[in-house]
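Take a look at the letters that make up each chain.
2 protein chains.
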Amino acid sequence: MKLVVSKDILKVNDKIAEIIGEKLENRGVMAVNILGSPGCGKTALIEALVKNAGDRFKFAVIEGDLATSRDAERIEKLNVPAVQINTGGGCHLDANMVLTALDDLDLDYVDVLLIENVGNLVCPAAFKLGERKRFAALSVPEGDDKVAKYPTMFQSVDAVVVNKIDLMAYLDFDIRRVENDLSKLAPGLKPLLVSAKTGEGIVEFSGLIEKAWNEFQKAQR
Amino acid sequence: MKLVVSKDILKVNDKIAEIIGEKLENRGVMAVNILGSPGCGKTALIEALVKNAGDRFKFAVIEGDLATSRDAERIEKLNVPAVQINTGGGCHLDANMVLTALDDLDLDYVDVLLIENVGNLVCPAAFKLGERKRFAALSVPEGDDKVAKYPTMFQSVDAVVVNKIDLMAYLDFDIRRVENDLSKLAPGLKPLLVSAKTGEGIVEFSGLIEKAWNEFQKAQR
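These protein sequences, in sequence, are chains F and P. Quick note: the first sequence, position 131, residue 131 per our numbering, numbers continuous. Quick note: the second sequence, position 102, residue 323 per our numbering, numbers continuous.
Treat the hints loosely; a few may be bogus.
[To be verified] Sample of chain P residues lacking proximity to chain F, with all beta carbon distances greater than 12 angstroms (derived):
| # | residue |
| --- | --- |
| 1 | Asp235 |
| 2 | Lys244 |
| 3 | Phe278 |
| 4 | Asp286 |
| 5 | Asp325 |
| 6 | Pro362 |
| 7 | Lys367 |
| 8 | Val368 |
| 9 | Pro372 |
| 10 | Asp379 |
| 11 | Lys385 |
| 12 | Glu400 |
| 13 | Ser404 |
[Said to hold, decoys possible] Listed below are the simulated DSBU-like cross-link pairs for lysine-lysine, each with C-alpha atoms no more than 35 angstroms apart in a straight line:
| # | chain 1 | residue 1 | chain 2 | residue 2 |
| --- | --- | --- | --- | --- |
| 14 | P | Lys411 | F | Lys197 |
| 15 | P | Lys418 | F | Lys184 |
| 16 | P | Lys236 | P | Lys418 |
| 17 | F | Lys184 | P | Lys411 |
| 18 | F | Lys51 | F | Lys133 |
| 19 | P | Lys244 | F | Lys197 |
Hints are computed from structural coordinates only; laboratory data are not their basis. Please read all numbers here as calculations on a predicted model, not as lab measurements. C-beta atoms are modelled at their ideal positions from N, C-alpha and C, and glycine is treated no differently.
Please build the complete structure, drawing on both the sequences and the hints.
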């Protein structure tokens, strides 16, 4: 009989995440875990980032989905190495999946590893993946109440990107509500407004990566 | 030491779900579990349904969220009894939470109990709540690839409602892709197009409840 215990799973996961973190650091690779609801535009944000900052950073992408390889195919069209993880029903990526996926990447040719998690505002927050930073994406059509309703996610991240601002004109979305909820639940976090579609705010989004990279370089010295 | 085992959790949950199902059946109450991503418009659909069919059915609503009581407050404004469950970080409603919430409802004055699950396209699919029917809501801004990417959810439901069709003009959303993916993964399911905002398709959405209710009445005889 095999017992699977929830607390142990997280402990083992954290241990593997540490191994990933060290492995990446030794190779000079900075990983960013990108989280958000299904359809909030995580893949579109990665595409926009690669187009904007692809000349400054060598990117690689790990895509997490229950099924399909659609997202990895989208990334590969940009000539960026991509590995698709299918969780086969699982609601989040875990460190073991990411460690296995690393075997399929040539880390010598990677500066920034973007890990797109399964679309889910709850479970992925609990699982470290050896990342240096965590970004949450929230999209305008989801509504301005999501920070308050999914606090554990927004408390676990280093930055919040509000995507699809091109749709603001057609929706009731009060950015002050997001700012207000963040100031209470995750003080210091200010939402960055972007549209992966129109490109608005993507320079600033690249700036987040650049800032994290500079910190990472400094810490490595 | 307390061991929490994943398989046992589901077995215990199913048992409690059966108890709920029997309890509701004895009182002539039909429960519908409403599932979908964060911000796909589950609460707005319930509001629209109550406004459209509130003269034919006595509704009650159980709202599931990690935090806040915002959704239950929205429902109570329509003079419909609502109970808010806060999962406190949990990614889905389980049968035990629903059984407890039933204590706060006077079932003699309820025909249709709508249970709005936590916004999540993965985990809630595994947990029965004593419901007679399961409806999945998918919204246009999430994109037309969600059925293929979250198959376990769409395979677990009796109906699929595509909400926010008022935004179709501003987005690339091919409904044929949804229909095609459903025909492969969940044969027999055809998406119902609605907009909780404009009211389009809400009569047909009420029709789904009416049809389920008639079947339920028939089965009870």
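Taking the hints in turn, this is what the structure says about them:
Residue-level check passed: aspartate 235 of chain P sits 17 angstroms from the nearest beta carbon of chain F, beyond 12 angstroms. For lysine 244 of chain P, the condition that its CB be more than 12 angstroms from all CB atoms of chain F holds, with the nearest at approximately 28 angstroms. Against chain F, the non-interface label of phenylalanine 278 of chain P holds: every CB pair exceeds 12 angstroms, the least being about 27 angstroms. Separation of aspartate 286 of chain P from chain F is inadequate, the least Cβ-Cβ distance of about 5 angstroms not exceeding the 12 angstroms criterion.
With 12 angstroms as the threshold on Cβ separation, the claim that aspartate 325 of chain P sits away from chain F holds: the shortest Cβ distance comes to roughly 21 angstroms. Not every C-beta of chain F lies more than 12 angstroms from that of proline 362 of chain P, the closest at about 4 angstroms, which undercuts listing it as non-interface. At roughly 6 angstroms from the closest C-beta of chain F, the C-beta of lysine 367 of chain P falls inside 12 angstroms, breaking its exclusion from the interface. Not every CB of chain F lies more than 12 angstroms from the CB of valine 368 of chain P, the least distance being 10 angstroms, so the non-interface label is violated.
A beta-carbon of chain F comes within 12 angstroms of the beta-carbon of proline 372 of chain P; the shortest separation is about 5 angstroms. Its beta-carbon lying about 20 angstroms from the closest one in chain F, aspartate 379 of chain P satisfies the requirement of being farther than 12 angstroms from that chain. The beta carbon of lysine 385 of chain P is not kept farther than 12 angstroms from every beta carbon of chain F, the shortest such distance being approximately 7 angstroms. Residue placement check: glutamate 400 of chain P keeps its beta carbon more than 12 angstroms from all beta carbons of chain F (closest about 17 angstroms).
Taking the minimum C-beta to C-beta distance to chain F, about 16 angstroms, the non-interface status of serine 404 of chain P holds against the 12 angstroms cut. Of the pairs offered as hints, the one joining lysine 411 of chain P and lysine 197 of chain F holds, with about 29 angstroms between alpha carbons and a cut-off of 35 angstroms not exceeded. Distance hint between lysine 418 of chain P and lysine 184 of chain F is fulfilled; the C-alpha atoms sit about 30 angstroms from each other, no more than 35 angstroms. About 38 angstroms separates the Cα atoms of lysine 236 of chain P and lysine 418 of chain P, which puts this hinted pair outside 35 angstroms; it is violated.
Taking the CA atoms of lysine 184 of chain F and lysine 411 of chain P, the gap is about 43 angstroms. The hint is violated against a cut of 35 angstroms. Simply put, lysine 51 of chain F and lysine 133 of chain F have alpha-carbon atoms about 20 angstroms apart, close enough for the 35 angstroms limit, and the pair holds. Proposed proximity of lysine 244 of chain P and lysine 197 of chain F is contradicted: the alpha carbons are some 50 angstroms apart, above 35 angstroms.
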